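Based on the hints, put chain W in the right spot on chain V.
Read top to bottom, the protein sequences are chains V and W.
Residues 1 to 158 (this note's numbering) are what the first sequence spells out, left to right.
Residues 159 to 267 (this note's numbering) are what the second sequence spells out, left to right.
It is worth saying that the hints were derived from the structure and are not from the lab.
Remember, it's a predicted structure, so these values are computed and weren't measured experimentally.
Where a beta carbon is used, it is the ideal one built from N, C-alpha and C, also for glycine.
Just so you know, not all the hints are guaranteed correct.
Stated by the list, open to error - Beta-carbon label-pair distances, calculated as ranges:
1. V/ASN92 / W/SER207: 20 to 30 Å
2. W/ASP203 / V/GLN76: 51 to 61 Å
3. W/GLN229 / V/SER84: 25 to 35 Å
4. W/VAL262 / V/SER84: 26 to 36 Å
5. V/ASN118 / W/GLU252: 42 to 52 Å
6. V/SER84 / W/ILE185: 17 to 27 Å
7. W/ALA256 / V/MET121: 40 to 50 Å
8. V/SER136 / W/SER207: 36 to 46 Å
9. V/LEU137 / W/PRO204: 34 to 44 Å
10. V/GLU35 / W/LYS247: 26 to 36 Å
11. V/GLN76 / W/SER209: 29 to 39 Å
12. V/GLN76 / W/GLN229: 42 to 52 Å
13. V/SER119 / W/GLU263: 31 to 41 Å
14. W/GLU217 / V/LYS48: 17 to 27 Å
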Amino acid sequence: MAEGDVRSTHNPEIVSCDDNNEDGVQINCFTEDLESYTLHFQIIRLQKQIFVWIGCNSAKFGHLYAAAPFALRKSQNSMVSVASILGGASDNTGSSIARRLVLKTGLNIVLACNIPKNSPMLEADAEKILIQKLRSLGYARPKSEGSPVPLSKVESRT
Amino acid sequence: MEQSSSRCFPVSHKKLSLDIKVMASQIGSMGTILHARKEEGMSIDPTYSVSVILGKRDEPMLMACGRQLIQHISSSRSPKPLVLSLGLKDHSLETLKAIVSTVVENRLW
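For reference, chain V alone in the conformation it holds in the complex:
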């Protein structure tokens, strides 16, 4: 999917909002209009965890996945385990997004997404938009670092 196909909406009724309060919780909401779908995002950054909701055309909560980094031995690079905890389509739509978010951020991730199943392109678009936003917010590592987050960095963050 080309970059030019994604358009950010600046409709005054649906706005991107960044909400930082003194409790250390950061909430970011935004909407992206794709050609045939509208994707809504809500990112809640807690101290040790990030909650992400991805809505496709509606505000339905969708399937819920929890993902976390782990390693069997300290010398290993961190691996990621993902669990489906609510809902879950037959192709686990959203679980791969959760897995890659953990790899890029090193934090525990809880992801809710109502992307319809059998839509790999839509899933990929949603993930790309989300990663771009997380990078701009500073929650994810920049593009130049390709390898997964090493365990020592993961431990110091969690």
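Positioned in the frame of chain V, the structure of chain W alone reads:
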């Protein structure tokens, strides 16, 4: 006690949402996640299903909090299922009561 709920939601009409999500955190993470809904049934008295889907399963106060909230939600015209996450340092009755009353004060249903 810290409490965060969505203050700015990207979909402009919150009442069109099909689910309700509440998050309360003191510990820097979501903590225990519960799912609660009103069961469809033929009897006059409503029945509710509350379950812990991730986290502490041995804290009865968390289940009680979920149960209270789903009952409040179900008193509205179109009851919706609830996903509730509680990351709390103490599970005392006062804390849970405060959570329930705060959520009901800021209700969106």
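Hint check results:
1. V/ASN92 / W/SER207: 20 to 30 Å: holds (24 Å)
2. W/ASP203 / V/GLN76: 51 to 61 Å: Roughly 54 Å apart at Cβ, these two residues keep to the hinted range, so it holds.
3. W/GLN229 / V/SER84: 25 to 35 Å: For V/SER84 against W/GLN229, whose Cβ atoms are near 28 Å apart, the range 25 to 35 Å holds.
4. W/VAL262 / V/SER84: 26 to 36 Å: With a Cβ separation near 31 Å, W/VAL262 and V/SER84 satisfy 26 to 36 Å, so the hint holds.
5. V/ASN118 / W/GLU252: 42 to 52 Å: holds (48 Å)
6. V/SER84 / W/ILE185: 17 to 27 Å: Since V/SER84 and W/ILE185 have Cβ atoms about 24 Å apart, the given range 17 to 27 Å holds.
7. W/ALA256 / V/MET121: 40 to 50 Å: Since W/ALA256 and V/MET121 have Cβ atoms about 46 Å apart, the given range 40 to 50 Å holds.
8. V/SER136 / W/SER207: 36 to 46 Å: holds (40 Å)
9. V/LEU137 / W/PRO204: 34 to 44 Å: holds (42 Å)
10. V/GLU35 / W/LYS247: 26 to 36 Å: At roughly 47 Å between Cβ atoms, W/LYS247 and V/GLU35 fall outside 26 to 36 Å, so the hint is violated.
11. V/GLN76 / W/SER209: 29 to 39 Å: Distance hint for V/GLN76, W/SER209 holds at roughly 34 Å.
12. V/GLN76 / W/GLN229: 42 to 52 Å: For V/GLN76 and W/GLN229 the Cβ distance comes to about 47 Å; the hint holds.
13. V/SER119 / W/GLU263: 31 to 41 Å: Check passed, 39 Å falls within 31 to 41 Å.
14. W/GLU217 / V/LYS48: 17 to 27 Å: holds (20 Å)
The structure is inconsistent with hint 10 alone, although it conforms to all the rest.
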